[in-house]
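Residue numbers (full-length UniProt numbering), protein chains in the order written: chain G, 1 to 222; chain A, 1 to 233.
These are calculated hints, taken from the structure and not from any lab test.
Heads up, a few of these hints could be off.
Coverage of chain A stretches by chain G, computed from C-beta distances (three or more under 8 Å per stretch; other residues unrestricted) [said to hold, decoys possible]:
| # | stretch |
| --- | --- |
| 1 | 76-83 |
| 2 | 166-179 |
Restraint ranges, calculated between C-beta atoms of paired labels, are given here [stated by the list, open to error]:
| # | chain 1 | residue 1 | chain 2 | residue 2 | range |
| --- | --- | --- | --- | --- | --- |
| 3 | A | 92 | G | 210 | 39 to 49 Å |
| 4 | A | 119 | G | 88 | 15 to 25 Å |
| 5 | A | 214 | G | 36 | 34 to 44 Å |
| 6 | A | 152 | G | 64 | 20 to 30 Å |
Backbone N, C-alpha and C define an ideal beta-carbon position, used for all residues, glycine too.
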Amino acid sequence: MAEKEEVKLLGIWASPFNRRIEMALKLKGIPYDYVEEKLLDKSPLLLELNPIHKKVPVLVHNGKTILESLVILEYIDEAWPHNPILSQDPYERSKARFFAKLIDEQIFDAGFVSMARADEKEALVEKTRELIMHLEKELVGKDFFGGKSVGFLDFVAGSMIPFCLERGWEGMGLEVITEEKFPEFKRWVKNMEKIEIVKECIPPREKHIEHMNFMVQRVRSA
Amino acid sequence: MGDKEEVKLLGVWYSPYAIRPKIALRLKSVDYDYVEEDLFGSKSELLLKSNPVHKKVPVLLHNVKPIIESLNIVEYIDETWNSSGPSILPSDPHDRAIARFWSAFVDNKWFPALRAAAITKSEDAKAKGIEEVEGGLLRLDEAFVAISKGRSFFCGDVIGFMDICLGSFLVLLKAREKLKGEKLLDESKIPSLCKWADEFLSDDIVKNVVPEIDRVAKFLGELEAIAQSASRS
Chain G
1 MAEKEEVKLL GIWASPFNRR IEMALKLKGI PYDYVEEKLL DKSPLLLELN PIHKKVPVLV
61 HNGKTILESL VILEYIDEAW PHNPILSQDP YERSKARFFA KLIDEQIFDA GFVSMARADE
121 KEALVEKTRE LIMHLEKELV GKDFFGGKSV GFLDFVAGSM IPFCLERGWE GMGLEVITEE
181 KFPEFKRWVK NMEKIEIVKE CIPPREKHIE HMNFMVQRVR SA
Chain A
1 MGDKEEVKLL GVWYSPYAIR PKIALRLKSV DYDYVEEDLF GSKSELLLKS NPVHKKVPVL
61 LHNVKPIIES LNIVEYIDET WNSSGPSILP SDPHDRAIAR FWSAFVDNKW FPALRAAAIT
121 KSEDAKAKGI EEVEGGLLRL DEAFVAISKG RSFFCGDVIG FMDICLGSFL VLLKAREKLK
181 GEKLLDESKI PSLCKWADEF LSDDIVKNVV PEIDRVAKFL GELEAIAQSA SRS
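Pulled out of the complex, with its shape left as it was, chain A reads as follows:
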């Protein structure tokens, strides 16, 4: 390929979803330009043009073509740069189906439960929500043991799709622990998943891509303060 590839990623530093394509691009050693969006200020023209339906990040622009939704972007990266770096999705169709099933579980059931518990003002709803989140982590711990078969990551010794999907939330979980004392990554309850979490966050690629826990904790605190003062006014 003689042409210069133009790869641009639109994201925000605090979004778990934006972390996913960053990891995937680095796994494939793809050079990219990163554009930090300001979602609290005004969204860039490029973002609005590239994702007119949802106006959300992350958005990957590959030679001007927009690819939207974080897991779609990861699959796109895996398929496009398929001869470079490790395979992000496993090669066997059934293993791929299992990875996609669990990633759908994380994005459609588990994280929405955490988000709802974080936002709700009702103590009852919060407690129930956290219970659901903990239940989800137990299932994920079981799934990890079954799928990894003793290896460091979900599908092998290298980071893959499921790791990227769930791992992108780890800094957020640790930030909440710092801010709220909420210990969701409890070694006594989910030992295998906690070990996996440490492996994931120590990985060379991941280390350089995830935001700092303290910075996220401070940011969450600020968001909370804004939400509380908004509800009082």
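If we strip away everything but chain G, and leave its shape as in the complex, we get:
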């Protein structure tokens, strides 16, 4: 490719939806300009590029805008086919897409949105555990969701659960994922923490716990 590729990513340091994009870009060795947005003071550029949802992440590739983290991940895999993050097999792809939605919708809701709002959290902790158990089963006999190496679902699950929701649970004084009930999941997190490109995309822990506490209050007062 003789042309200079122009890749820009708008994001927020604490957003799991953002961090997973950075993992994918780094895996593929794609250089990009990063623009840090402020949660409570969105830039004119962001509002122009994503007028409907007004959210990050936003990827701009040679002037073309791509929105929604899961859509962006698939776009990245198609526009830069080397180091693929999704399997070539249609059935494996459909499973990865299914679990990604489970994580971003049901697990995110039970494990954060509803949990933040509830005064009695026990039932939601149980529900979150039930949902994560489906991921636990997927990891049996595998180093990563992607098999021998990291991929799409590792980025989605990693950015959301151990490197985001866990910080929220810590702040709420809850232990949701135990070694006893989720040995495969714990093993997978250790594997993830050894991967250089993943490590680079984990938000700073203490700052993130503080941020999640702030987000919990924000959800409760909404």
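We have chain G; now place chain A onto it with these hints.
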């Protein structure tokens, strides 16, 4: 491929989501067995086994392997039978991203707003909900004009991903119009989308797959009556 392919679709006749894989399979000329589930009675063993997480339809079973969630199923069909029939998703990555973005908008924002407006007992919430639905249709009308560039369907002269995604709700919208007099497909407000809707519903494949408007309207009326008597008891 010497083996006989076994393709089975579990669905319910009234579900917009179940319409989607039917259209996709027919676009690809794939033979399939259809199994009507009884969601008000008891779900079949096969459904519970194939979709233990959500226990919902549609479910596609291809040589016994289950594929779940309607848009996942459509993408699976497109990828698996890729040398047969038209391409359901466009080939350019950016066009694919646009199709996926709008389908996420339809499924995650637009339809939930319609569903909430339909269920709520508060007149205020209902009015606000319908406003949101109408606003969504305006956006979709604009998107259609921008993306279709004068062609009959979202990405060309043949039905594709976005058409299947939004088109699967058209019979429901027309049924609600019959039942409630609610004119969401208003030619004066969303002319391009209304023209597209007519093209979509007249398509040979779609015609044979969508339920009849009258049957859906009757069914919605029955559901409403059940809901109302449940709230009184």
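Outcome of the hint check:
1. A count of 3 residues in the stretch 76-83 of chain A with a Cβ less than 8 Å from any Cβ of chain G is obtained; the coverage claim is therefore met, three being the minimum.
2. Coverage of the stretch 166-179 of chain A by chain G is violated in this model, with 0 residues showing a Cβ closer than 8 Å to a Cβ of that chain against a need of three.
3. Here the CB-CB span from residue 92 of chain A to residue 210 of chain G is close to 43 Å, well matched to the stated 39 to 49 Å.
4. Our hint of 15 to 25 Å for residue 119 of chain A and residue 88 of chain G is violated, since their Cβ atoms are close to 42 Å apart.
5. A beta carbon spacing of about 55 Å between residue 214 of chain A and residue 36 of chain G contradicts the range 34 to 44 Å that was offered as a hint.
6. Checked against the hint of 20 to 30 Å, the C-beta distance between residue 152 of chain A and residue 64 of chain G comes to roughly 25 Å, which is consistent with it.
Hints 2, 4 and 5 from the earlier list are contradicted by this structure; the remaining hints agree with it.
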